[in-house]
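Residue numbers (my numbering), protein chains in the order written: chain A, 1 to 261; chain B, 1 to 264.
Just so you know, these hints were derived from the structure itself, not from any lab. One or more hints might be untrue.
Claimed, not checked - No more than 20 Å apart at the CA atoms, straight line, and that leaves these computed lysine to any residue pairs for SDA-like:
(1) A:Lys172 / A:Glu117
(2) A:Lys6 / A:Gly41
(3) A:Lys172 / A:Thr2
(4) B:Lys223 / A:Glu152
(5) B:Lys234 / B:Ala250
(6) A:Lys6 / A:Ala63
(7) A:Lys172 / A:Leu192
(8) B:Lys223 / A:Glu142
(9) A:Lys172 / A:Ala138
(10) B:Lys223 / B:Gly199
(11) B:Lys223 / A:Arg190
(12) A:Lys172 / A:His128
(13) B:Lys238 / A:Ser186
(14) B:Lys223 / B:Ser7
(15) B:Lys238 / A:Pro260
(16) A:Lys6 / A:His27
(17) B:Lys223 / A:Ser186
(18) A:Lys86 / A:Met102
(19) B:Lys223 / B:Arg241
(20) A:Lys172 / A:Cys121
(21) A:Lys172 / A:Asp197
(22) B:Lys234 / A:Leu259
(23) B:Lys238 / A:Pro257
(24) B:Lys238 / A:Arg258
(25) B:Lys223 / A:Pro260
(26) B:Lys223 / A:Ala261
(27) A:Lys86 / A:Arg123
(28) A:Lys172 / A:Arg131
(29) B:Lys234 / A:Val256
(30) B:Lys5 / B:Gly66
(31) B:Lys234 / A:Pro257
(32) B:Lys234 / A:Ala261
(33) B:Lys5 / B:Glu21
(34) B:Lys5 / B:Pro28
(35) B:Lys238 / A:Ala261
(36) B:Lys238 / A:Leu259
(37) B:Lys234 / A:His128
(38) B:Lys223 / A:Ala189
(39) B:Lys234 / A:Pro260
(40) A:Lys172 / A:Glu93
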Amino acid sequence: MTTLLKGSGLSRSFRLPRTSLRAPAVHRHAVQDVSLELNEGNSLGIVGESGSGKSTLARLLLALDRPDAGTVHYRDREVRPGAPRKLTWFRREVQVVLQDPMGSLDPRATVRDIVAEPLECLRLPGDHDDRVDELLRAVGLEPAVRGRYPHEFSGGQRQRIAIARALAPGPKVLVGDEPLSALDVSVRARILALLDDLAEAYGLTLLLVSHDIGVVRHLCTDVLVMKDGRAVEQGPAAQVLADPRHPYTRRLLAAVPRLPA
Amino acid sequence: MSLLKISDLSVRIGGTTVVEEVGLELAPGERLALIGESGSGKSLTALAVMGLLPDGAEATGSVRLGGEQLLGLGDRELSRLRGERMAMVFQEPMSALNPLMRIGRQLAEPLRLHRGLNRRQAAAAAVELAAQVGLPDPELLVRSWPHQLSGGQRQRVGLAMALATRPALLIADEPTTALDVTVQADMLRLLDELVQQHGTALLFISHDLAVVARLCPRVAVLKDGRLVEEGATKTVVKTPRHPYTQRLVAAARATGWDTPEVAR
Ligand SMILES: Nc1ncnc2c1ncn2[C@@H]1O[C@H](COP(=O)(O)OP(=O)(O)OP(=O)(O)O)[C@@H](O)[C@H]1O
Ligand SMILES: Nc1ncnc2c1ncn2[C@@H]1O[C@H](COP(=O)(O)OP(=O)(O)OP(=O)(O)O)[C@@H](O)[C@H]1O
Ligand SMILES: [Mg+2]
Ligand SMILES: [Mg+2]
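The whole structure should be built from the sequences, with the hints applied where relevant.
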């Protein structure tokens, strides 16, 4: 089994604002000594408490932020934050859907330009317009929307635009930070099926931060549970979800709201 | 007497009708969930009530709050009502937050403007609000900038801001999507409590049927801008009538978390 993305001993802390000039500086340890491996064809779900460091961890793994300690490797090559030009090789293989779709989509760019952007930046060959239309259809949007701007869409539609963009260059790995949180079940089912297909056909490997245990259970072979910056439990999804060991994981699973019978 | 009465509400943007002849009614203290497919017009319906439709959108029909017609009111009147009578938790928390203002000030401002607290009282109340929505180290957190918060922390700030003024009508647009289920459960409990305490009427927009079932006795279903079903949540979940609602319930069960073998 090939290990694609690997994080070893990752830590990141932030200095919190002081309450007064005299007060000592307080640090928040957003991520503390987390290690993980993402193997080809597998998919890892990261779940955990709000504020436990999931997005910070994802940003470290994507070289969007620099760890205080630890390293990130992609196919045995070290990945460090730096000039976009130096990371082209990495971005061609690893794409991302960030947690806040509004903040990650350029408000002045049309949908066409947003979705085609990775194709152009990475200088990928082919007809970009055709590819954009194909992607929009795949996420359940009419290709006719290509001339519109991000603010002219609903929350769930914006999220799908971000997904279309991430899938555009045909990445090997897709890192999604709550990529389906704004989607109702019927649209979500469609995107889940799309990701399943891509995994099957191209071996797309997923790293998925999600609050939705149902989604994690559906998509992920492995699970990592975060609490207060630490990975408190890690293992095969079937095992962790069926027989959680850590008290927090137990509480998490017990709190999942269910439809009345 | 209803607190909110929406009748024949239509919203047009650039020649297309995105909300069509929607009618909804809410009594004081009552809770109604609005569910529906992504893009079905839930947020625009809410924004029409708040007088916050985007430029170029036009609303027709009638929206009454305590008898007063809101459609056609001037910006000043609407912004006064938004402070005193109605509040909204926005779907994307970042859009409700000013990126250049510390969290504490954003929480305190409406308290000074609309509840007449002085600067110091408002600052203390802001810390209290932050604690109430479960934010860690509230004294430090109020000194943070929005970009320093996690997604779920921002969403809770949005919720705190909307609750701060104790509105008669609260519209919450997907207020728990960025929260893990344990914090979500806490927030739903808090919402439940405060809404009850202050007799707030709640219009709760969500795509999570299980959450809706927990909070709202009544539910309305939007599809392509039209209301296709409305009724007691229990009944709608058990015996959905419209084909779209049927699909919604079936899909919720299929991708949801209630297969017995893993649920234990
Ligand atoms: N730039 C920053 N400056 C200061 N603190 C930060 C910064 N970014 C994150 N933090 C803090 O680090 C912690 C972890 O944040 P992170 O966004 O990784 O959480 P998360 O697990 O993604 O939560 P959520 O599920 O709510 O999105 C939080 O307490 C957050 O306030
Ligand atoms: N500013 C705008 N200009 C043009 N069309 C818009 C604008 N805002 C929304 N729309 C369209 O109106 C329809 C309804 O949007 P709305 O945001 O109300 O959907 P929603 O039900 O809240 O969906 P979601 O669950 O995805 O948030 C969508 O098809 C959307 O593309
Ligand atoms: Mg996050
Ligand atoms: Mg919406």
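Which earlier hints turn out false for this structure, listed by number in ascending order? Hints 10, 16, 18, 25, 26 and 37 are the ones this structure does not satisfy, whereas the remaining hints hold.
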